[in-house]
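> Listed here are the chains, written in short residue letters.
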Amino acid sequence: MITFEDVTKVYEGQRRAALADVSVTIEKGEFVFLVGSSGSGKSTFMRLVLREYRSTKGRIFVAGKDLSKLHGWKVPGLRRQIGTVFQDFRLLPGKTVTENVAFALQVIGKPQASIKRLVPETLELVGLDGKGNRQTDELSGGEQQRVAIARAFVNRPAILLADEPTGNLDPTTSIGIMKLLDQINRTGTTVVMATHDATIVDQMRKRVIELVDGAIVRDQSKGIYGY
Amino acid sequence: MRHTLREAWSGLRRNLSMTLAVIVTMWVSLTLFGGGLLGAQQVELLKGRWYDKIEISVFLCVDDSKGSNCEPGQGATEAQRQAIRTVLETNPEVATVYYENKAEVWSDFQRVYKDSPVLADMTADMMQDNFRVKLKNPEQYEGVVSAVAGLSGVQAVQDLRQYLNPLFEWLNVAKWTTIGLSLLLLLAAALQIATTIRMAAFSRRRELGIMRLVGASNWYIMLPFLLESLVAALGGALFACASLAALQKFLIIDKAQPSLKSVEWIGWSHVGVAMLGVIAVGVVLSIVPTLIATRKYLRV
Chain A
2 MITFEDVTKV
12 YEGQRRAALA
22 DVSVTIEKGE
32 FVFLVGSSGS
42 GKSTFMRLVL
52 REYRSTKGRI
62 FVAGKDLSKL
72 HGWKVPGLRR
82 QIGTVFQDFR
92 LLPGKTVTEN
102 VAFALQVIGK
112 PQASIKRLVP
122 ETLELVGLDG
132 KGNRQTDELS
142 GGEQQRVAIA
152 RAFVNRPAIL
162 LADEPTGNLD
172 PTTSIGIMKL
182 LDQINRTGTT
192 VVMATHDATI
202 VDQMRKRVIE
212 LVDGAIVRDQ
222 SKGIYGY
Chain B
40 MRHTLREAWS
50 GLRRNLSMTL
60 AVIVTMWVSL
70 TLFGGGLLGA
80 QQVELLKGRW
90 YDKIEISVFL
100 CVDDSKGSNC
110 EPGQGATEAQ
120 RQAIRTVLET
130 NPEVATVYYE
140 NKAEVWSDFQ
150 RVYKDSPVLA
160 DMTADMMQDN
170 FRVKLKNPEQ
180 YEGVVSAVAG
190 LSGVQAVQDL
200 RQYLNPLFEW
210 LNVAKWTTIG
220 LSLLLLLAAA
230 LQIATTIRMA
240 AFSRRRELGI
250 MRLVGASNWY
260 IMLPFLLESL
270 VAALGGALFA
280 CASLAALQKF
290 LIIDKAQPSL
300 KSVEWIGWSH
310 VGVAMLGVIA
320 VGVVLSIVPT
330 LIATRKYLRV
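First to last, the protein sequences are chains A and B.
Residues in the first sequence are numbered from 2 upward in steps of one, following my numbering.
Residues in the second sequence are numbered from 40 upward in steps of one, following my numbering.
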């Protein structure tokens, strides 16, 4: 599903590579933790998968597509197959839960009828049944992240990228979110999650890829956060 | 589509003062531009069919002519016509000779003066056959003029360009000044649109960021902005068209035509051409700055 072949990324004006010669393959349906300290390259990894940036060297394949050969106008199509969740939720202010989740479907031209069906379905899946008309600013952090997850998942993407999704949440709430991501993974969605949260990683025992200064130092199935 | 229209409408409302500013600037600059187009068309009408093509006109006698080379009560004969033509065609300074007979002159006259009371007093027989002469060098007209002026059958030889060139030069200057000014104003309008759109895009950057993230196509992202600027530009263009129509009605039809009847004035078809030009320029001026201003937010 995601393949990196000797990928290096050096940002403009920087001397050190954000990612250096990274090669890794993530299969369909896997749940992968990306761990490492700040600046280790986790976010860069995500951005490259989303084709927000192009790699300086090496090739990246996502859902069978070679990103280095992808035309600019085809990138939106790629992104429709990838759902993203962020630490700061990135919801639209002044809109309700339903409007936020429906937004992802509206802007890709899904018909109204589909939207009316998919949104409540997805809200139920993430545990926000009945909260569709609430303003997002009125929700707790955990609930807001569930809205973000609903938005990321409503189009049933092949891949879910989560960049520190529990970073702003307390431990109990974080567990709830992780259960949800696990649930989504079990439907067949490939989940890649960047995180600092050692507790969660240790609890879930999934594949762990550790990055240090842009290079992979550990790739362990059923791994834990530290050695 | 509904989402797009809603976004465009809310954008226009949010930026109402800037939208109004764009409409007003477009209105003024497009009116000036349209006025320049009308002026240019009017100048062409003033020149008439022949002005640009030839330098000298040789008018032949008709029955009523009172010229020193004309037989009273008799128009130019075929022999005289041939003699005049030969003199013209063999002259080394002459490039081309055109011949226009009475009937052609009459139909042209009727067309140009159709709204004028002058028409009532004229008949086809009063029209003069004429030769129109194009010179190789417009400066060297004296030789040709003197060669034909004394020939029998020639009622008059005219070189209008001598008298009218200064007038047309000034009219040309006026035309280009108007168009030049209007281009400056149009540039200002284009920059205004770019700024308005850039502000609108900046204030919506969170939404735009999320739209790019979830995979909205570039067109979908750009469409509300394009609609916003199109509406503002077309609003200005419509006001400009109305102004041009008012100009035609109150200035040309109501004032100029009755007072200067012997001139062919621009009509509604010319105004139509100017309006099309104004609308086309308005559309281009809204699309191009918008595409440039939103490029940053569409960068994949």
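Rather than coming from a laboratory, the hints here were simulated on the basis of the structure.
Quick caveat: nothing in here was measured; it's all calculated off a predicted structure.
All residues carry an ideal CB built from backbone N, CA and C; glycine is no exception.
One should not assume that every hint holds.
Said to hold, decoys possible - Not the full set, but computed from the structure, chain A residues with beta-carbon under 10 angstroms of chain B: (1) L79; (2) G84; (3) R157; (4) A159.
> Indicate, hint by hint, whether the structure satisfies it.
Structure-based check of all given hints:
1. L79: holds (7 angstroms)
2. G84: holds (8 angstroms)
3. R157: At about 13 angstroms, which exceeds the 10 angstroms cut-off, the nearest Cβ of chain B leaves the hint on R157 (chain A) violated.
4. A159: violated (12 angstroms)
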